[in-house]
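Those protein sequences? They're chains A and B, same order as listed.
Quick note on my numbering: the first sequence kicks off at 1 and runs consecutively.
Quick note on my numbering: the second sequence kicks off at 32 and runs consecutively.
None of these hints come from the bench; they were simulated from the model.
Check each hint, because a few of them may be wrong.
[Unchecked claim] Just the calculated beta-carbon pair ranges, DEER-fashion:
(1) A:T4 x B:D139: 40 to 50 Å
(2) B:H89 x A:T4: 33 to 43 Å
(3) B:E118 x A:T4: 14 to 24 Å
(4) A:T4 x B:E123: 28 to 38 Å
(5) B:R237 x A:T4: 23 to 33 Å
(6) B:R67 x A:T4: 18 to 28 Å
(7) B:Y144 x A:T4: 34 to 44 Å
(8) B:S146 x A:T4: 17 to 27 Å
(9) A:T4 x B:I141: 38 to 48 Å
(10) A:T4 x B:E90: 12 to 22 Å
[As the list claims (entries may be wrong)] Interface residues of chain B toward chain A, partial, derived using beta-carbon atoms under 10 Å:
(11) D54
(12) T57
(13) F60
(14) L78
(15) K164
What you are looking at is a predicted structure, and each value in this text was computed from that prediction instead of being measured.
Glycine included, each C-beta is placed from N, C-alpha and C at the ideal position.
These are the residues of each chain, in order.
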Amino acid sequence: MAETLLEVRGLSKSFGGVVATAPSIAGRFMP
Amino acid sequence: MIGPNGAGKTTLIAQLAGALAPDAGTIRFDGQDITRLPAHARSARGLARTFQITSIFHEFTALENVALAVQAHDGHSFRFFRAARAETPLLEPARDALDRVGLGNREDVIARYMSHGEHRQLEIAMALATGPKMLLLDEPMAGMGPDESRRMVEILRGLKGGQTILLIEHDMDVVFALADRITVLVYGCVIASGTPPEIRANAEVRGAYLGDEDEAGTC
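Take the sequences, apply the hints, and build the full model.
Set out below in structure tokens:
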């Protein structure tokens, strides 16, 4: 898996988290 | 990322770009916590959102608009723009960005005379010209006709692989045509994340899009 470029966690009660990796497109939420 | 109206797509992208402060949680970009950074600081770190960078100047040519984006990102004042029009360091990345979005043969066209679809292409060129590490695209096909939309899909297909893109889109066909990974957001909840075939086969996703509450699930 490519390096993690963007990672979001716990933005709200309902957002689990998002990870995007470079260089290709990837968006992944992790509950 | 896909999701029906009201799913929270725009809220999320606004939080990622710094237009909206989250109540809680963290956003890390390129190894740094950017949760509390203002939008311009995120842009300077390489997180580009088309809509915030782009105020297209309708009296300027396509090339001049992109050169301005380069200049603004580099921290120069706009009042030096007259000089910028002749500066190779600004024009070279500007031309390269126009080529990447299929506007290489339109650089001398005044923006006012470009179509809606070309304006969207120009906005992406302006974001690309700043050399972002990641491009946030919020429904780039919005308001486009079928031909323009197909053209934009081809442009984005050409960009992926060389440019990390987070595409937010409600049109399933567009997403399945482009994405390597898809996350589905419904009512603020992530209900699925995976490859296009995985998402296509996911019962919760099908339930959410078909309006079947029993299958939509909760988070």
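For the hint on B:K164, does the least C-beta distance to chain A fall short of 10 Å?
holds (6 Å)
Tell me if the interface restraint on B:T57 is satisfied: Cβ within less than 10 Å of some Cβ in chain A.
Holds, because the Cβ-Cβ distance from B:T57 to chain A comes to roughly 5 Å (cut-off 10 Å).
Just tell me: holds or violated, for the beta carbon distance of B:Y144 and A:T4 against 34 to 44 Å?
holds (43 Å)
If you check the beta carbons of A:T4 and B:E123, does the distance land in 28 to 38 Å?
holds (31 Å)
Cβ separation of B:R237 and A:T4, checked against the hinted range 23 to 33 Å:
holds (30 Å)
Starting from the hint 38 to 48 Å, judge whether the C-beta atoms of A:T4 and B:I141 obey it.
holds (42 Å)
Measuring from beta carbon to beta carbon, are B:S146 and A:T4 in 17 to 27 Å?
violated (38 Å)
C-beta pair B:H89, A:T4: status relative to the range 33 to 43 Å that was hinted
holds (39 Å)
Chain A contact restraint on B:F60 - CB to CB distance below 10 Å:
B:F60 check passes; min Cβ-Cβ to chain A is 5 Å, inside 10 Å.
Go through the hint on B:D54 and say holds or violated, using the shortest Cβ distance to chain A against 10 Å.
holds (6 Å)
Take a look at whether the Cβ-Cβ distance between A:T4 and B:D139 falls inside 40 to 50 Å.
holds (41 Å)
Falls inside 18 to 28 Å, the C-beta gap from B:R67 to A:T4?
holds (20 Å)
Of the numbered hints listed earlier, those contradicted by the structure are 3, 8, 10.
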